[in-house]
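From first to last, the protein sequence lines stand for chains L and X. All the letters of the first sequence, read from the start, carry residue numbers 1 to 356 under our numbering. All the letters of the second sequence, read from the start, carry residue numbers 1 to 356 under our numbering.
Treat the hints with care, since some could be wrong.
Pairs count within a copy or across copies, as identical chains cannot be separated in the list.
Unchecked claim - Calculated cross-link-like contacts (lysine to any residue; reagent style SDA-like; alpha-carbon spacing at most 20 angstroms):
no., residue 1, residue 2
1, Lys-333, Arg-103
2, Lys-59, Arg-103
3, Lys-333, Asp-310
4, Lys-222, His-207
5, Lys-333, Gly-106
6, Lys-59, Gly-106
7, Lys-50, Asp-310
8, Lys-121, Pro-13
9, Lys-349, Gly-200
10, Lys-222, Glu-193
11, Lys-130, Gly-75
Keep in mind that the hints were calculated from the coordinates and are not lab data.
Next come the chains, spelled out residue by residue.
Number of protein chains: 2
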Amino acid sequence: MEKIREVINRIRPIQQSAYEDVKKRLNNLTKPAESLGRLEELAQRYIAIKGDNNAKLEKKVIFTFAGDHGVADEGVSAFPREVTAQMVLNFLHGGAGVNVLARHVGAEVVVVDIGVDYDFKQSDGLVIRKIARGTRNMLKEPAMTYKEAIRGMKTGIEIAEEWSQRADIVGTGDMGIGNTTPSSAIVSVLTGEPVENVTGMGTGITHDTFKRKIDIIKEAIKINKPNPLDPIDVLSKVGGFEIAGIAGLILGAASKNIPVVVDGFISGASALIALRLQPAVRDYIFTSHLSVERGHKVIIEKLGTNALLDLNLRLGEGTGAALGIGLVEAGFKILTQMATFDNAGVSTKAPSPIYG
Amino acid sequence: MEKIREVINRIRPIQQSAYEDVKKRLNNLTKPAESLGRLEELAQRYIAIKGDNNAKLEKKVIFTFAGDHGVADEGVSAFPREVTAQMVLNFLHGGAGVNVLARHVGAEVVVVDIGVDYDFKQSDGLVIRKIARGTRNMLKEPAMTYKEAIRGMKTGIEIAEEWSQRADIVGTGDMGIGNTTPSSAIVSVLTGEPVENVTGMGTGITHDTFKRKIDIIKEAIKINKPNPLDPIDVLSKVGGFEIAGIAGLILGAASKNIPVVVDGFISGASALIALRLQPAVRDYIFTSHLSVERGHKVIIEKLGTNALLDLNLRLGEGTGAALGIGLVEAGFKILTQMATFDNAGVSTKAPSPIYG
Numbered sequence: 001m002e003k004i005r006e007v008i009n010r011i012r013p014i015q016q017s018a019y020e021d022v023k024k025r026l027n028n029l030t031k032p033a034e035s036l037g038r039l040e041e042l043a044q045r046y047i048a049i050k051g052d053n054n055a056k057l058e059k060k061v062i063f064t065f066a067g068d069h070g071v072a073d074e075g076v077s078a079f080p081r082e083v084t085a086q087m088v089l090n091f092l093h094g095g096a097g098v099n100v101l102a103r104h105v106g107a108e109v110v111v112v113d114i115g116v117d118y119d120f121k122q123s124d125g126l127v128i129r130k131i132a133r134g135t136r137n138m139l140k141e142p143a144m145t146y147k148e149a150i151r152g153m154k155t156g157i158e159i160a161e162e163w164s165q166r167a168d169i170v171g172t173g174d175m176g177i178g179n180t181t182p183s184s185a186i187v188s189v190l191t192g193e194p195v196e197n198v199t200g201m202g203t204g205i206t207h208d209t210f211k212r213k214i215d216i217i218k219e220a221i222k223i224n225k226p227n228p229l230d231p232i233d234v235l236s237k238v239g240g241f242e243i244a245g246i247a248g249l250i251l252g253a254a255s256k257n258i259p260v261v262v263d264g265f266i267s268g269a270s271a272l273i274a275l276r277l278q279p280a281v282r283d284y285i286f287t288s289h290l291s292v293e294r295g296h297k298v299i300i301e302k303l304g305t306n307a308l309l310d311l312n313l314r315l316g317e318g319t320g321a322a323l324g325i326g327l328v329e330a331g332f333k334i335l336t337q338m339a340t341f342d343n344a345g346v347s348t349k350a351p352s353p354i355y356g
Numbered sequence: 001m002e003k004i005r006e007v008i009n010r011i012r013p014i015q016q017s018a019y020e021d022v023k024k025r026l027n028n029l030t031k032p033a034e035s036l037g038r039l040e041e042l043a044q045r046y047i048a049i050k051g052d053n054n055a056k057l058e059k060k061v062i063f064t065f066a067g068d069h070g071v072a073d074e075g076v077s078a079f080p081r082e083v084t085a086q087m088v089l090n091f092l093h094g095g096a097g098v099n100v101l102a103r104h105v106g107a108e109v110v111v112v113d114i115g116v117d118y119d120f121k122q123s124d125g126l127v128i129r130k131i132a133r134g135t136r137n138m139l140k141e142p143a144m145t146y147k148e149a150i151r152g153m154k155t156g157i158e159i160a161e162e163w164s165q166r167a168d169i170v171g172t173g174d175m176g177i178g179n180t181t182p183s184s185a186i187v188s189v190l191t192g193e194p195v196e197n198v199t200g201m202g203t204g205i206t207h208d209t210f211k212r213k214i215d216i217i218k219e220a221i222k223i224n225k226p227n228p229l230d231p232i233d234v235l236s237k238v239g240g241f242e243i244a245g246i247a248g249l250i251l252g253a254a255s256k257n258i259p260v261v262v263d264g265f266i267s268g269a270s271a272l273i274a275l276r277l278q279p280a281v282r283d284y285i286f287t288s289h290l291s292v293e294r295g296h297k298v299i300i301e302k303l304g305t306n307a308l309l310d311l312n313l314r315l316g317e318g319t320g321a322a323l324g325i326g327l328v329e330a331g332f333k334i335l336t337q338m339a340t341f342d343n344a345g346v347s348t349k350a351p352s353p354i355y356g
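Take the sequences, apply the hints, and build the full model.
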């Protein structure tokens, strides 16, 4: 807990003046002021987070945290539990959605086994930090102990710190059969929204399973009594290892001035935990996309941002984060590669009160 | 006109069965069915347009058509008219927004001088097909003759045909100081929407200029009496050379089974002309983004699609098309690079009625 507190205290809100400096540079580029809209905002925020006008954007890394869930035994997912481990192997072979989209934007995928019910061999691209072979079934007992939840978060923080000299920007991703169930539970408890409002169809379950999923989440909350004022208590009782790891990664990245592009619903639940521990973390987060999972909208409202993309994605893994990284980089390149009015010999407009 | 009619007659609606074939392939990939949402739709449509299951997506080209506008003499833009030529030179030096974003997605930019009021030297990346040194002032007379409008469209068609063996996908872009004014005029006449509803702030004009811009558009329509049932009459009287060229490019690309990613408002006005000449063209169009220019929404509704991105862009040049091409390619790579359940050894879900 000491470590987490230290990291939280290191995170500072971004000063408005940092944005303004970048804005001046953007307004010298050969385009009407603000005509590249959110791309310009991305560039502003990227530089402001870095606190360095000469910051680079070269090394991009997506960390996909994988863990299993005791509650998967209740049949809350359309896929069997062993798919978590199978998908980790798929990630390592480069055949999954996140691999394809990460390659597309030039990002590396690092898979973190933080709690998969399978013993992986050492492998390139795999970081083994297993805390347990999956969580306990939250329908019967807390998914994790308080200590395990802290260990999970510390794992994410440590990974952010280990990569802080190498990664210019990071993305989050998750893999864990059954993990929309704990994510919905977390969002419901932390926001006070009824379970029905923050629960979706996950990977594509039947209507009967969906109704059971809602009942299971309600029952798990009732049994475990997570304290909404203690995000780590909530995380431990109705969360998961990968959710803890991602929350830690977000905090760790923010504390090291590394912009973090957050994926969809599961990563969003992690972001919500990070936000409750340190509201200033929102300045470091780019929300990549709006997921089909209905609880995601609630999370994005709490983060106080707009998602960059709305493409009906609901895969997780870091697929949305990959596309988001591509957009942040597009904004960064606008700032750093476009010609200025002066050096391109382009006339500026007459000085006049600008309306829109 | 013969040429245009021939091209229009060659464009066929895409058969539903073509989409279904791709869907089957997508559903074998290691992800829940349809979990990559619109990326999957992009892949489906790309392959369906190509009519070839083994189609490649390698060569990407953005054609930025540039032309001047007589109506710019009325001060409808925040920038002076010479900026059109200056920006063309900026494109050729690689310093403009479209260059940066095209490089970001690995696309080539080809600039077409179809009506700039400046004599360019031959240069790599520049295609000189100048019809005139700008349009006439539509506030006083038709911007172009009917013949000139047809020549403009034919130019775009010819360029699509010349590149049809080289370009796997094309994007549209525009450059022309003052060109939101004719674009709003076209959209108003073709859709029947009041001028106020389809006119925006362009590159950032003052409120007074904005009011004058609306009056000028209304007056130009009143004087020239464009026939809403004849898109080429509308184009000639209140349009522009680059708008004609882009409309031709869209039709030409569709006739050659080349997917065309349409940029923002100006390109949208061109797409609307193409759509009125041949409704089936909509199957070949990807709408890259929703522009800040208020008339763009009306265009997108007529095209019957959703824009891929909503990033408050209003630059034109093909900047939005570049980002859109990146997303279409992302979808294509999902289809062609992801592992299948079989070859990755991942368990499929139990066969059950899928709900969502």
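Hint check:
1. Lys-333 to Arg-103: both (18 angstroms within a copy, 10 angstroms between copies)
2. Lys-59 to Arg-103: For Lys-59 and Arg-103, the Cα distance is within 20 angstroms both inside one copy (12 angstroms) and across copies (18 angstroms).
3. Lys-333 to Asp-310: Between copies only: 19 angstroms across, 22 angstroms inside.
4. Lys-222 to His-207: neither (23 angstroms within a copy, 58 angstroms between copies)
5. Lys-333 to Gly-106: Classified as both; 14 angstroms inside a copy, 13 angstroms across copies.
6. Lys-59 to Gly-106: For Lys-59 and Gly-106, both the intra-copy (8 angstroms) and inter-copy (18 angstroms) Cα distances are at most 20 angstroms.
7. Lys-50 to Asp-310: neither (27 angstroms within a copy, 26 angstroms between copies)
8. Lys-121 to Pro-13: For Lys-121 and Pro-13, neither the intra-copy (41 angstroms) nor the inter-copy (52 angstroms) Cα distance is at most 20 angstroms.
9. Lys-349 to Gly-200: between (50 angstroms within a copy, 18 angstroms between copies)
10. Lys-222 to Glu-193: within (15 angstroms within a copy, 56 angstroms between copies)
11. Lys-130 to Gly-75: Intra 24 angstroms, inter 66 angstroms, cutoff 20 angstroms: neither.
Violated hints, listed in ascending order, are 4, 7, 8, 11; each of the other numbered hints is respected by the structure.
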